[in-house]
Amino acid sequence: MSAVEVGSGTAVDAGVGAGSAIRPRRRWSTRFLRSELRLIAGRRRNQMGLLVLAAVPIIMAIAVKVSTPGPGEGPNFLSSITSNGLFVPLAALGVEIAMFLPLAMSMLSGDAVAGEANLGTLRYLLTVPVSRTRLLAVKYVSLCIGALWGVTAVALPGAVIGIALFGTGDLTTLSGSQISFGVAVWRVVLVMLYLAAGLAGLAAVGLFISTLTEQPIAASIALLIFTILSWILDSVPQLSWLHPWLIVHEWMSFGDLLRDPIAWANVLRGLFVDGVYALVFWLAAWARFSSKDITS
Amino acid sequence: MSSTGDASGLAVHTEGLTKRFGQQVAVDAIGMAVPRGAVYGFLGPNGSGKTTTIRMLLGLVEPSSGSRSLLGLPLPSGAGQALPRVGSLVEGPAFHPYLSGRSNLARLDAADPLADPRTAAGRIDAALDRVGLRAAAKKRYRAYSLGMRQRLAIAAALLAPRDLLVLDEPTNGLDPQGTREVRSLIGSLAAEGITVLVSSHLLAEVEQICSHLGVMREGRLVAQGTVAEVRGAGPMLVRVQTRQPEAAAAVLRELGVTQVVTTVGEVHGTPGDLEPEKIVSALVYAGVGVQGFTVAVTSLEDLFVSLTGEGFDVSG
Ligand SMILES: Nc1ncnc2c1ncn2[C@@H]1O[C@H](COP(=O)(O)OP(=O)(O)O)[C@@H](O)[C@H]1O
Ligand SMILES: [Mg+2]
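Same order as they appear, the protein sequences are chains A and B. If you count the first sequence from 1, position 97 lands on 97 in full-length UniProt numbering, and the numbers rise without skipping. If you count the second sequence from 1, position 192 lands on 192 in full-length UniProt numbering, and the numbers rise without skipping.
There's no promise every hint is true.
[What the hints assert, rightly or not] So the derived list for chain B, only partly shown, Cβ under 8 Å to chain A, looks like this:
hint	residue
1	L60
2	E62
3	S65
4	S88
5	R107
6	A111
7	D112
8	P117
9	A121
10	A156
11	M236
12	L237
[Claimed, not checked] Stretch-level coverage of chain B by chain A, calculated; a stretch enters the list once three of its residues show a Cβ under 8 Å from a Cβ in chain A:
hint	segment
13	76–83
14	95–102
Because the hints were derived from the structure by calculation, they are not lab data. Note that beta-carbon positions come from the ideal geometry of N, C-alpha and C, so glycine has one too.
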């Protein structure tokens with residue numbers, strides 16, 4: 001999916017009539033996308049959501065700090081982990097990717113189409129006119145950026161408080177080796193991008209659901225149920241044939257990015273499944289939305 | 001501001017336009033013709049299919065059958081070209097409640113791929129000025145009264161230069177003063193050459209400003225044309241002022257006048273093909289004292305009621 005807005009159709013044929021209303025088409029513009037992002041960022045509920053996402057790593061960091069014995073006292077393993085503050089954003093991401101981050105995506109994707117339909121603003125966007133394909137593209141790109149904001153809201157405060165409380169020593173990889181702080185920062189960024197990609201795949205499902213209803217809450221709950229069901233199915237061993245195709249299945253493989261060297265296989269598999277979800281559900285949303293009667 | 005030169009000369013044209021919702025036929029094979037430069041009053045009781053027709057004209061709803069064109073461009077293929085020249089208000093205002101009026105307009109402008117961002121602020125101010133909302137521009141939409149909301153929706157329709165305005169019940173929820181203001185705004189827009197299609201379930205709200213009328217009843221377009229044409233299609237009415245209304249009524253009935261109604265000092269009825277002179281001489285011959293005699297076309301109000309049957313009741 002290209003992260004670019006493209007206006008539909010060809011340039012306006014100025015030959016019809018001589019009205020002053022004929023305006024030259026501006027072919028490339030991110031104005032609508034920026035307006036969409038402002039709308040998302042400006043909404044009080046979303047700001048509260050980001051605060052909740054950011055609170056988790058802070059609570060975790062303080063809890064670990066309070067319960068960790070001083071240097072040299074505790075077991076070597078624990079002190080080796082807590083010698084680098086970046087374990088805080090990583091642990092927080094691991095916790096929040098299960099439910100909090102998908103919940104955030106549910107909220108945003110519920111607003112995307114169903115929210116506009118519910119307010120009635122959808123009909124006014126479409127008569128501007130915004131082509132339906134462009135509308136879905138802009139909505140989806142803004143959800144993907146929302147996913148990046150979500151993981152950043154977890155990782156950035158996590159990193160700040162982690163470094164403040166635990167310092168910038170070497171990071172112990174899951175393979176047991178040590179990597180320098182500089183390398184570790186890049187690993188955290190990779191984890192953030194990987195999880196954001198997973199959330200972007202989920203957002204396509206949310207966008208599709210959002211085209212099915214005029215009730216944003218219903219759309220949000222539906223995506224949340226979808227996520228919970230995916231986790232449940234992923235935990236049933238008898239359904240192992242299904243697991244590779246569940247979007248959540250490889251999410252926890254982000255740990256492979258913390259090995260030395262990085263174990264790419266599961267991560268790439270995860271990205272592939274995310275991409276399949278994004279494509280299939282975006283197209284489903286398009287198929288549904290492009291022919292839908294807007295009676296809201 | 002208008003553009004002319006399309007072969008059809010029609011700003012809106014539909015043929016056999018039909019929309020079914022399941023079993024129900026909301027719009028039934030209507031052939032609308034809105035000439036360029038007209039102020040077309042699209043009348044009909046609630047539920048008669050006005051909004052559904054407008055949604056089809058704007059590409060929001062796909063017709064079950066029939067064709068439609070806007071500004072000479074057939075839909076849906078011409079929508080991308082026609083719609084930027086059409087400002088619309090459909091089924092009431094709708095905006096983001098937690099954004100200001102101004103931010104809401106800015107959002108719509110940002111969504112318009114043809115809008116120039118450099119002129120956005122000026123155009124938004126001008127649109128707000130036009131509807132008298134400049135002072136409340138920074139208020140959140142949720143704090144707006146219904147009248148302010150309606151005006152903001154009209155401002156949104158005026159964000160860009162337009163050739164056609166489609167206003168669905170723009171006076172809904174406005175007080176008499178607000179209604180007058182909207183009427184005069186429509187009048188001044190029409191004077192600039194913009195074609196206006198304005199729907200209403202209240203004839204009185206739009207009849208003064210309309211050059212053309214289209215009357216809907218239960219999904220069908222039962223009358224259409226210039227105001228004079230639509231008026232002329234209605235039955236004639238004779239009124240006799242007399243001190244002997246009962247005797248006069250008897251004479252009229254004998255002559256074949258229908259729908260004879262007797263009130264104090266007056267009798268009226270529908271003469272059909274009967275020549276008015278014959279009625280007068282028959283009255284005189286019967287010795288009925290005639291104080292006054294008038295022949296008139298039915299008032300638009302009466303005509304509207306007779307066309308739409310149930311008057312202002314909800315249909316469908
Ligand atoms: N989405 C819909 N589903 C089913 N019926 C509808 C829908 N929209 C409108 N209708 C029906 O179509 C008819 C015409 O409605 P509408 O166009 O809104 O009338 P008006 O605008 O003249 O009041 C009504 O009987 C209404 O109930
Ligand atoms: Mg209506």
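Structure-based check of all given hints:
Proximity of L60(B) to chain A holds as hinted, the smallest CB-CB distance being about 4 Å (cut-off 8 Å). Taking 8 Å as the C-beta contact cut-off toward chain A, the hint placing E62(B) at the interface holds, the least distance being around 6 Å. A hinted interface residue such as S65(B) counts as satisfied when its beta carbon comes closer than 8 Å to some beta carbon of chain A; here the least separation is about 14 Å, so the hint is violated. Residue-level restraint check for S88(B) holds (minimum Cβ-Cβ distance to chain A is 5 Å; threshold 8 Å).
Interface hint at R107(B): satisfied, since its Cβ lies 5 Å from the closest Cβ of chain A, which is below the 8 Å cut-off. About 5 Å separates the beta-carbon of A111(B) from the nearest beta-carbon of chain A, less than 8 Å, and the hint is met. Contact between D112(B) and chain A, as hinted, is supported at the beta carbon level, the nearest pair being about 5 Å apart and thus within 8 Å. The restraint placing P117(B) at the interface with chain A holds, with a minimum CB-CB distance near 6 Å, inside the 8 Å limit.
The beta carbon of A121(B) is not positioned within 8 Å of any beta carbon in chain A (closest approach about 13 Å), and the interface hint is therefore violated. Because the beta carbon of A156(B) sits about 7 Å from the nearest beta carbon in chain A, less than 8 Å, this interface hint is met. For the restraint placing M236(B) at the interface with chain A, the shortest Cβ-Cβ distance is roughly 42 Å, beyond the 8 Å limit, so the hint is violated. Restraint check, L237(B) versus chain A: the minimum CB separation of about 41 Å is more than 8 Å; hint violated.
Coverage of a stretch by a chain is defined here by at least three residues with a beta carbon nearer than 8 Å to that chain's beta carbons; for the segment 76–83 of chain B and chain A the count is 4, and the condition holds. Counting residues of the segment 95–102 of chain B whose beta carbon lies closer than 8 Å to any beta carbon of chain A gives 5, which reaches the threshold of three, so the coverage claim holds.
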